[in-house]
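Use the sequences and the hints to build the structure in full.
Protein sequence lines correspond, in order, to chains V and B.
Counted from 1, the first sequence has number 282 at position 39 by the working numbering; the numbering is strictly sequential.
Counted from 1, the second sequence has number 289 at position 46 by the working numbering; the numbering is strictly sequential.
Don't read these hints as lab results, they were simulated from the structure.
Treat each hint with caution, since some may be false.
Identical copies go unnamed one by one, so any copy, or any two together, can satisfy a pair.
[Stated by the list, open to error] Result set (DSS-like, lysine-lysine): computed pairs, CA atoms no more than 30 Å apart in a straight line:
{"#": "1", "residue 1": "Lys357", "residue 2": "Lys492"}
{"#": "2", "residue 1": "Lys428", "residue 2": "Lys479"}
{"#": "3", "residue 1": "Lys246", "residue 2": "Lys357"}
{"#": "4", "residue 1": "Lys299", "residue 2": "Lys334"}
{"#": "5", "residue 1": "Lys492", "residue 2": "Lys353"}
{"#": "6", "residue 1": "Lys357", "residue 2": "Lys472"}
{"#": "7", "residue 1": "Lys353", "residue 2": "Lys261"}
{"#": "8", "residue 1": "Lys428", "residue 2": "Lys246"}
{"#": "9", "residue 1": "Lys394", "residue 2": "Lys334"}
{"#": "10", "residue 1": "Lys246", "residue 2": "Lys369"}
{"#": "11", "residue 1": "Lys246", "residue 2": "Lys334"}
{"#": "12", "residue 1": "Lys353", "residue 2": "Lys246"}
{"#": "13", "residue 1": "Lys246", "residue 2": "Lys493"}
Bear in mind that the values here come from a model prediction, so they are computed numbers and not experimental data.
There are 2 protein chains.
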Amino acid sequence: MEKLFVVKVGGAVLEDTKTLDEFLQHFAELEGNKILIHGGGRSATQLSTRLGIETKMIDGRRITDEETISIVTMVYGGLINKKTVAVLQSKNCNALGLTGADMNLITAIKRPVKDIDYGFVGDIVKVDNNAFNILINAGFVPIIAPLTHDKKGQLLNTNADTIASSISTAMVNQFDVSLIYCFEKEGVLSDPENELSVISELNRNDYQQYLASGVIHSGMIPKLDNSFKALELGVKSVVITNANSLNSKKGTHLTL
Amino acid sequence: MEKLFVVKVGGAVLEDTKTLDEFLQHFAELEGNKILIHGGGRSATQLSTRLGIETKMIDGRRITDEETISIVTMVYGGLINKKTVAVLQSKNCNALGLTGADMNLITAIKRPVKDIDYGFVGDIVKVDNNAFNILINAGFVPIIAPLTHDKKGQLLNTNADTIASSISTAMVNQFDVSLIYCFEKEGVLSDPENELSVISELNRNDYQQYLASGVIHSGMIPKLDNSFKALELGVKSVVITNANSLNSKKGTHLTL
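Dropping the structure here:
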């Protein structure tokens, strides 16, 4: 089977033009089939603030009311997605920017209200691997914004890490899939204050111990839960690494 | 040859959710290969105002400085484009929303500064008909936002009417192309105060006379100039009509 790289980039990397440009250079140089998924939460918060709209977050998830879904559609689906595409095109990477609504790539349901009403937030139901295949086989590079839809006309705000792992697992029958999470840190750290303390290999048992001791916490937990699930479902490798180390062997490599 | 409809929608149609939904229903029902190009200038002006940024227009063209290109990228490439895609998907039209940067569909050059510096405004250099063919042949419906790129990493604001005629003429070797401009009026009017005064058939000679007498003026001139050029270059038919009359024989039909 051919290889497919599913790369997610987020965090501070997207905020700085130079850092982002360097990352996109690395991504453009990555040989073979590839898909990029980006975040953009900080830019969405900035635009909300400029428009006088309060940002409400619970456990790192954005409460997405009617005005907020418009803002994230503008920032994720428009500004970040299209600027990324234009920069990649300048680097001869034949990118096209899409949301989960485009080509019906990713359908989701609006998260049911239990204790918290997250608003227009989507939980993924299905990834259309055929549509991705058509693009990849034609030599195009999909750039995915963290938006899905309910197939009833409503866009839904959806976590980019989750989109990355869902796309990865949807593609395992056609490709040898490598999932790579890129951010501003060197990998999963055993000491958050020390960038040199990268855990180079992390298996599920060790992960449970790090969780119990509190070394791994907050935003890293859903990312790692998603990653181990992806490995279980047939993704060949998962790496969490610095955006500048995309083409190296650095970072944290996960194993079951 | 198979038929291809290239439909442009703009003006007040995009501003009202119900009117837009009705138009998109008509568009979804249009049988055969199709491409939609949308505008969005009024929404861009609204967002600019909310952000405290002054909108500068010269002869109906937006002066596009650094901040304005970000705004139109958000509004055209994000908000309007992705909402349109989500609504069409709910109507079982397998749409995907793109700019000219995506798949390198439309390359342009930044308009050279003569008397006026329009800023990040693009004049079209090339439409990639192969990329459009791949999408259309796979059964997808491209929804195009009025943005192009210079292939050097810069997005450019580009007139949607011009994009529609450029795509039309680029596709004449593969398809029998019909170009349809949809807006809130019934067609080209011989009396702008009277919606019943639609000129049902307009040839180039008559057009020159209407121009000389001042019956046709301002924004309609570039639209008609583009349309006659498209007919010359092999487009089979050009119609200017109300957004609600997309599937009828109404409106103004152009002939050479």
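How the hints compare with the structure:
Taking identical chains as interchangeable, the C-alpha atoms of lysine 357 and lysine 492 are never at most 30 Å apart, the minima being 42 Å within one chain and 52 Å between chains. With identical chains, the CA atoms of lysine 428 and lysine 479 are at most 30 Å apart within one copy only, with a shortest distance of 23 Å there and 57 Å across copies. In the homo-oligomer, the alpha carbons of lysine 246 and lysine 357 never lie at most 30 Å apart, since the shortest distance is 40 Å inside one protomer and 50 Å across protomers. In this assembly of identical chains, lysine 299 and lysine 334 lie within 30 Å of each other by CA distance neither inside one copy nor across copies; the values are 37 Å within and 33 Å between.
Taking the shortest Cα distances, lysine 492 and lysine 353 never come within 30 Å of each other, neither inside one copy (38 Å) nor across copies (41 Å). In this homomeric assembly, lysine 357 and lysine 472 come within 30 Å of each other (Cα to Cα) only inside a single copy, at 24 Å, whereas the closest approach across copies is 59 Å. For the identical chains of this complex, lysine 353 and lysine 261 are inter-copy neighbours only, at 23 Å across copies versus 36 Å inside a copy, given an alpha-carbon limit of 30 Å. In the homo-oligomer, the alpha carbons of lysine 428 and lysine 246 lie at most 30 Å apart inside one protomer (26 Å), although the nearest pairing across protomers, at 53 Å, exceeds that limit.
Taking CA atoms no more than 30 Å apart as the test, lysine 394 paired with lysine 334 passes between copies only; the shortest distance there is 8 Å, against 34 Å inside one copy. In this assembly of identical chains, lysine 246 and lysine 369 lie within 30 Å of each other by CA distance solely inside one copy; the values are 22 Å within and 33 Å between copies. Within a single copy, lysine 246 and lysine 334 get their C-alpha atoms as close as 21 Å, which meets the 30 Å cut-off; across copies the closest is 35 Å, which misses it. With identical chains, the CA atoms of lysine 353 and lysine 246 are never at most 30 Å apart, being 33 Å at best within one copy and 38 Å at best between copies.
Taking the closest pair of Cα atoms, lysine 246 and lysine 493 come within 30 Å of each other only inside a single copy of the chain (19 Å); across copies the shortest separation is 53 Å, beyond that limit.
The structure fails hints 1, 3, 4, 5, 12 (numbered hints given earlier, in ascending order).
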